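Visitor: The lines below spell out each chain.
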Amino acid sequence: MSHAKLFKIAGVKEYDLYTLKATVYEVQLRGFDIEIVRGPVESIGYTCRALSRRGKLTGQGRSSCSNSAKLKECIESAKYLSSLNLPETKYEFPSAKKDKQAKIADNHILKGGPQAVQTYAKRLVEALKTGTKSKPTVKPTFGKIRTYVLDTTLENSSGLRKRKTETYFYVELALKVTSGIKLAEFWPRQFSRTIEGIAPEKALPRWIRLAKDTMKAKMPTTQRMTVIFNPQSVCDLLVPTVGFHSLGEMQFKKQSVFKEQDLVASENLTIHDDGLHDYALLSSPFDDEGNPQRVTSLIEKGVFKNYLYDQKYALNMNKKPTGNGLKPTASILNKHSGAIVGSPTNLSIKSGNHSLERMIAEVKNGVLIEQFSWLNPDRMATSFSSEIRNAYLIKNGECTQALKGGMVSGKALDMIKNISGISNQQFIESGATAFSCIAPYIRFEDVQIAGK
Amino acid sequence: MATKPELVFDLLAYVGKQMEGKVEYWDALFDRQSSCTISKDNVDERIAMPEFAGIQIRSYKKGVWRSASTFRLEKERLKELALKLVKLRQETKNRVRLREQKTSKLDVVMRVGKTPSDVSLESKVEGIRSFHKAATGLDKRIINVIVQYGDSKIERIFANSEGSSMRQVVTRIRLALMPVARENDKIRVDFESFGGTKGYEVVEKCDFDAVAKKTVESSLELLKAQTPPSGEFPVIVDSRMAGMIAHESFGHGLEADQVLRKRSYLDGLLGKQVASELTTIIDSSKLPEGYGSYVFDDEGIPAKESILVRKGILERFLTDRYSSSALECEATASCRIESYLTKHFVRMSNTYFARGDMTLEELIEPIRKGVMLVKASFGMEDPLAGGIQCSSSKGYLIEHGKVTSPLTEISLSGNVLEVLRSIDGVGKTLEFGVGTCGKGSEDYVPVGDGGPYLRIQKAIVSGG
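Here the protein sequences line up with chains A and B, keeping their order.
Under my numbering, the first residue of the first sequence is numbered 1, with each subsequent residue one higher.
Under my numbering, the first residue of the second sequence is numbered 1001, with each subsequent residue one higher.
Isolated chain A (complex conformation) (with noise of 0.2 Å):
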């Protein structure tokens, strides 16, 4: 029976049914030794959502549920959800329109089965072993290797009817350095939509050679300094911080500080979501709810120009949706139960013009952050105090120190009015708190460490 039918039956006039089908592949190293072969991991998911309309104000429920038999009685609970929802808000499905296409999938991933992760692996191994032979030794403690087909449907009572296959890989490592009774550790976590989007042999020379350096690393003292953070530390600094503030959804709610056309950066910092940037990590045609991702401009040199909406939002506030409704959430393979809230996609950061060699050459005393332990912000106060796992001191344009241990704190918002430099590089980025950034190198200005 279609699904359109199983709704009628049910007497359910408005809905959506949102489908995930997922496989996953996946080794996990103990050292250099294979700890666990898994896969395939089959996962199916639907979560059908149902409206239930008084006037012009609507209820919703959302109910899920991974067999296909059971999608009878999941639409009838979404039904009597939508029933006991106070409608506060008005809210209609989407419409079928035009999607942009973006790359989103890797072929290698796709056509290469369990044989992809265990190819990489072996990539991984070797060159691992190739490229720390020399003192003092590097040796992985574990690693994760794991790719993801993602088969999404989308379809409503609308009309609308869509389907996109994605891929993500993700690898993670601790490298572990050895000299006597010292020990240090890099620990790289990173999600790509292709294979060689972490080609072991392009990362594992940056990985080890901070994993070497924090041998040497020493704690910062107390004071107030310039700061350059890498791409995946301004995912994690700006992506929950400035999208949050970005919401149309946090306008209404009076939870935003920005205001159209306001000065909110430095003159040098423009910021747009690109939600169809080629193998970015949250790039697709279109949204959770079937709306078109696009571009949409947030700050054009330091002044915030517009806001993001999903379709309640955009229905609410009189705006069109600028497909930014998504399901956020911590497990790729449960995305399809999460709720649909105002998030953003891609947030891009334009470069500037600036090699990070020269940015560094720039400063005369300062902090060059490689990793923090979990920069986590406080989306609405924008506040964060985190701990440094790999840095440099920088010293007369030189990075002269490792350090690790200590804080960088500070209010994202604040610090963003006070950015000296850009590196003229983007990054496809995911942070440890963000999934998704195209991000460059920041210089800010008059930051504040703790340490000893």
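Read the hints as simulated data drawn from the structure, not as lab findings.
Note that the structure is predicted; figures quoted are calculated from it, not measured.
Among the hints, a few may not be true.
Stated by the list, open to error - Derived DSS-like pairs: lysine-lysine, alpha-carbon spacing no greater than 30 Å straight-line:
#1 A:335 / B:1124
#2 B:1062 / A:133
#3 B:1061 / B:1075
#4 A:254 / B:1133
#5 B:1084 / A:70
#6 B:1061 / A:129
#7 B:1124 / A:72
#8 A:254 / B:1214
#9 B:1084 / A:218
#10 A:111 / B:1214
#11 B:1004 / A:79
Given the coordinates of chain A, assemble chain B onto it according to the supplied hints.
Guide: This is chain B only, laid out in the frame that chain A set:
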């Protein structure tokens, strides 16, 4: 789809039969999770009832684990997957022989006061609306009030090659209030949360008006809070922050998979002094009503209480079946999965500092200038180096033995062993919090943590 327990046991036995004699060990785990979540703020009300079910099968041979997971609870598919696992050729030189564990037969539904599924959805929604209403309109600077409710039921059915067959049903509940305060461009939010392996009585016993008033006042207090000082100070932490130190900074280094990976700062310290003599740290998956409690772990080992540190001496690591075999020590029932889709890892359950004998006033009294951290918000582990990232949403300045000004979001850093060794005062009131723990940035499981107030002679603090 076979989801009645007796049918699931049959399925698991059938899967095992495909692997019997062809691998050194196998197990199979059925996982069904259902929940009800209600969130409400001044604009949105969201009600959802997600549910999923699936099976993970594992085998162990020649030092390597293999696993596969599926939502298709059909004999044919499970047989295909089992045969795939059997055929995998990987092996390792380091072949640990798994020690046999005692065979267990269990079928336990963990008892809670009032089973959430026995409460009508209408009542739950009304309850959440009442809580929201209690915190609304108390002050015009409160621009939004967020209430979040979630109950969950996890059913796990387990069988293995040792003949164990076990079933558990664990119910958890969580309720949280977050009033958002705003004055000009300053926006601050504090929170209060409750929960555990408890039932709907958590909502029914909650004094909405009293909790709302206290939490709203706390959010408003944050509007006038100062940025914390940066540097080394004497520190007092509340029970939730103590729990976060026990769990994030200390506990992750005790997970024996990290020891086997040679990635634990505690490797080689068993039997040694790792904390001050005032310090005892426990992990208990049997803690009554603890958010991280269960009946048996996801390898079929019945729940246990483990004293990790007794009077400052490190007594044991937390282990799973593999690491207890490799390290030749007792399995502590610490192997957990997030769902049938994720890997088994050594994890904590409810981790906490034992109580001492001091009042909060006695702890604060000798401090000339220090900082008190309250309301733990998040933390991150550093198992190799024992670094600390523990953040609270609020703090207070301590001056001349008295709590003075409120402070905004504040974090604790430094080396965890230095911090534990510098504990020189332990409070006498023990409290627990509810939380979710990731291994690194994924594989989230429910955990509890707690302790009394602790006084740390010196630690690095800073805030944004």
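Visitor: Which of the stated hints cannot be reconciled with the structure, identified by number in ascending sequence?
Guide: 9, 10
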